[in-house]
Amino acid sequence: MSSEAGTIKLFFREAIARAVREEMAGDSRVIVLGQDVGAFGGSYKEFLGLYDQFGAARVRDTPVAEAAMVGLGIGAAASGYRPIVSITYMDFLMLSLDPLVNYAAKARFKTGGQITAPFVVKTTAGAKGQGVAHSQCLEAWLMGVPGLVVVAPSNAADAYGLMKSALRHDGPVVFVDHKRLFPSAGEVPAAETFTPIGQAVVRRPGEHVTIATHGYMVRTAMQSAERLARDGVSCEIIDLRTLAPLDIDTVARSVARTGALVTLEEGQLTCGVGAEVAFRAQEAVGPVRVARVGALPAPVSSNPVLEAAALPDAARVIQAVRRVLA
Amino acid sequence: MSSEAGTIKLFFREAIARAVREEMAGDSRVIVLGQDVGAFGGSYKEFLGLYDQFGAARVRDTPVAEAAMVGLGIGAAASGYRPIVSITYMDFLMLSLDPLVNYAAKARFKTGGQITAPFVVKTTAGAKGQGVAHSQCLEAWLMGVPGLVVVAPSNAADAYGLMKSALRHDGPVVFVDHKRLFPSAGEVPAAETFTPIGQAVVRRPGEHVTIATHGYMVRTAMQSAERLARDGVSCEIIDLRTLAPLDIDTVARSVARTGALVTLEEGQLTCGVGAEVAFRAQEAVGPVRVARVGALPAPVSSNPVLEAAALPDAARVIQAVRRVLA
Amino acid sequence: MDPLATLKSMLLIRRFEAALNTRPDHGFQLYSSGAEAVAVGVCAALRPGDQLLSSGRSIGPALARGIDPRLVMAELLGKTAGPARGKGGRGHLAKPDQGFFGAHPVVAGNISIAAGAALAAQLEAKGRMVACIFGDGASGAGALHETLNIAALWRLPLLLVCDNNGLSVSTPREAALAPARLSDLAAPFGVPAASVDGTDVEAVQRQTETFAVRVRAGDGPAFLECRSERFFSHSTATRETRSGAVMRGVLERCPIRKYAAKLQAVDTLDAAGVARIEAETEAVVAEALAFADASPYPDPAEALRDVV
Amino acid sequence: MDPLATLKSMLLIRRFEAALNTRPDHGFQLYSSGAEAVAVGVCAALRPGDQLLSSGRSIGPALARGIDPRLVMAELLGKTAGPARGKGGRGHLAKPDQGFFGAHPVVAGNISIAAGAALAAQLEAKGRMVACIFGDGASGAGALHETLNIAALWRLPLLLVCDNNGLSVSTPREAALAPARLSDLAAPFGVPAASVDGTDVEAVQRQTETFAVRVRAGDGPAFLECRSERFFSHSTATRETRSGAVMRGVLERCPIRKYAAKLQAVDTLDAAGVARIEAETEAVVAEALAFADASPYPDPAEALRDVV
Ligand SMILES: Cc1ncc(C[n+]2csc(CCOP(=O)(O)OP(=O)(O)O)c2C)c(N)n1
Ligand SMILES: Cc1ncc(C[n+]2csc(CCOP(=O)(O)OP(=O)(O)O)c2C)c(N)n1
Ligand SMILES: [Mg+2]
Ligand SMILES: [Mg+2]
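Chains A, E, F and X, in that order, are what the protein sequence lines are. For the first sequence, this note's numbering assigns the number 47 to the initial residue and increments by one for each residue that follows. For the second sequence, this note's numbering assigns the number 47 to the initial residue and increments by one for each residue that follows. For the third sequence, this note's numbering assigns the number 139 to the initial residue and increments by one for each residue that follows. For the fourth sequence, this note's numbering assigns the number 139 to the initial residue and increments by one for each residue that follows.
The hints are simulated quantities; they were obtained by calculation from the structure and are not laboratory data. No residue lacks a Cβ here, since even glycine has one placed at the ideal position from N, Cα and C.
Taking beta-carbon pairs under 8 Å as the criterion, some of the chain A residues facing chain F (in silico):
#1 Gly-119
#2 Ala-124
#3 Pro-145
Next comes chain A alone, as it looks inside the complex (with noise of 0.2 Å):
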């Protein structure tokens, strides 16, 4: 027990390790598919102990055959278990999306619900030093994808609640997390919690600006925020957590307020989820002043220099605001 009544201290790991443990143990048709997540523990040591705990049969670790892993995930899903499917990086997930798009999105369509696949893609998306094949945020990809519910928790407390509800949600679920949100820790509910699928929240109450975000994300516009208060100028943080199906009533009545809105995500602004938020919230309220923010239009090298110069940043995200409010 920390500080914090009622909340427990978790590593970003421990909190989706403490979710899928939970699922596991109240429900024995949940099971765990990737590579290395067995005695090794998953490449974040995410899913440490639940080996032991569960066994071989329930933790399988897998030959590197990233499409065959989420074809099996979605065959034993439709049979009646609940498999997490652990893609190490979302760059593999390019090798999933056949069984993932083609057949676990539109089983329950095209069957006119006699097959449904509830799973879990659990998959690590942003940049660390690990260069271009390794870096991309393809968050967008999916959020078009008609079936497919997409989660992505920017603090322990929604990595363990986000996964719990994806863990329980009767259909294919992308759930992103980040490689920079490894190294924290956060304030976890002590008691079972479920983040509901489907809702943003709100991180930091504002009044001349809504920054809509998601993931890592959020941090680089918190900090932003900070600086951008000590000017006077007052940001609503928006965190999305759900991508797919997007929220954009907590968007919208932000924006409503704030009259202006800044998008900010680290993978690609062409066609992105900014671009997306933008034009929905405006079709909810009306023209608002917009800027969105996102990686530079280039892949993400593994060098520091070019990694940061890359990568979306409090000093870009302070320009995008000061231009939409100028």
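Knowing the structure of chain A, use the given hints to seat chains E, F and X with the ligands on it.
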């Protein structure tokens, strides 16, 4: 020679075949890889005659192995050849995204210009009674990938001219045509012509509203404009032709005049082409009345009733136009 | 399965497709004619609790698995009386509650899904197995390699059935697959494999039963190659590339005529019996068509149902 | 390649990685130590016009191919003196103009690319060949199956080299790959294959030369499995999972010590010779490090160069 001086009437498929034939004749490095592209001539006969003219070494039937097919094309391209890889339907391009996006799109960047992959992936998007896994339009996914050029002809002349330009481009190009374009014929310049990459074109001048679209939907836009004209509503229709890089200037110039924008695509709206066009156009000219038209947020069934219900049509475009002009 | 039922099951597929062919306006279809013995022979060895998956060429598998021809016809013609209310249609037939997990028209796309269903069967440990029918063309896809490896490692109760009709659209199997026999693909993984005449329904059934014993026993997957024929062009929308001479040879290998002749040779069946079976089958097929014709198309609102 | 050059080439890799290891701040690295004989043995049989591709574990392959250690060090440390001006870095080393087409860190991602380079070599018909080094873990990926099949069908001049160090991160090869020998994977496609001791540089070179003859002759691809060792954890950022006892056994199989001992046994080399080679190698490595240290990081503007 047809009525129009200097043009010949070609079926859409013939226009593609002509472009490839001319480029193969002029450059021995141009080769074709694909399923049933040889003696069979391609699913839509778009490669008919090439096998007889250029032989089995340069026109190669491949196994059903979309991932390796594109990988081979990239490797050959990076070694000095200029392959076209035919991926029958865009849905199957999911199987090729790892080599296309993780390798080809980043090769030039990650090698500091040492390696480039000048090749063309030719694929067919859109619905024509083929069902949920054979009807998708994924152009928006590719538009957000730095390093990729994406072109999408709406008629025979551009199918010819864009394929010619794609085969001369010094990097990876995805050439996206559409199932419902193949039955059609059109006037194509008799003389060798190149449709410049990165240039949209105004298909129909108008005053009250700008409709920005691409591919087959250009026809739906034209029909809509015809009908609206009867009620005195004048639509300017822009055929984007190239989706990456996007020619936003042409759109912006038009919108600056009309003050209203309707985007139209057959694919999903969420994080789609229209979201990007709408954002960038308003970035350029400021807020305008805008609406997006696309498929319903659902898979597209082969069922004629459900396919028709899911796809955008003139009626919906007209509604959207009236909405923005209301 | 008794011989007459086996013959009838094959004949049903053939006549069903002939009847379906009288409704071209709905759109193209992929026929199983020429490969009836593969689906029927495999299904003869399956039990109610087992699951069957197939490629988009799924009329044979669906009917052989015992799905009501009326429902299959309705689904293929996009009518609401189909199991998916006409939303799936050709290439997506499914009736999992009756052991037909379903078809999937992405080539090789059902192979890893089938392994997942087999994983579920293994975890349930009720002796259930899963069979997946795919084509020779699908055998060149990476999905087969990844799935064979995992199924072998985990000893999944999975029977992989390669319906080798010698063609992938227009591409001859020899031009698309390097192995001498497609069943050789299983060898590196230590997966038992066999190649049988896919026009010999008894051979298919016998080999499936042999493999089913070890698959159910938990000894891991097996691979069965069946050399069948494709009596029609790839789909009703695809041009035929084989010469008349070639086609005559193809049609020679009719699994139904072959089996009927055999049954008559051993006096299990006489001309009258054949006539009776044909008449019964025609009646069933006619009823299926009438049933489908009578069923309405879905309401456009169905386009947004069962999405998430 | 003469024995001393071979020994030196292996030692260079070992000492280069030790030197690189003194610059941990730049980020993690993947080391080839323990598998030097694979890269060196394979490259000994390659010619200038040939191309080599590798997985992300590419220091051994790059140096064995003869890429200037100063350039490799600079690239791995993100400096502009690298062949990619520091943009590629670890996992993306490339110097195609010197026959190192490059590394690719997506597991199995380079296999089909290599086949494409081999297709180009075949079309050029100048007797060039392409070699692609990938790991045991990569052998479970569908890309290998699809590529083996096409390369066999088209008789591409491609040598597939599986550097089997027995591990994929923490997963033992036995838990990830069903085949008894990974070289068995080539058999169904009629592709000649062999498994050799990947810590025996002469065995690797000999078998590569044997295969190279037929590959260059246009007889199609070949598959070479080399059983090597991984002396360090998967990457400098990954925790080691092997016990001290196991590691002692692993380190026993040092390809360099083994080869040096052999050369001394046959008097090709004496203690003084060893000392001289070590000193020369240390000098080369020290210079490489100094060269890289002296080179600047790229300008941030480089982030937008060479994109399209
Ligand atoms: C991944 C993928 N690529 C291409 C196609 C187009 N296609 C549909 S069926 C088919 C032929 C498959 O041949 P085979 O596996 O032998 O099955 P058959 O049609 O002979 O029953 C092809 C290439 C597809 N549906 N999916
Ligand atoms: C497609 C893909 N999946 C997962 C990874 C993460 N990963 C990097 S190296 C590696 C191990 C590969 O093992 P192996 O092929 O034996 O090569 P080794 O590291 O042993 O040299 C894995 C799983 C990756 N880079 N690419
Ligand atoms: Mg076939
Ligand atoms: Mg290994």
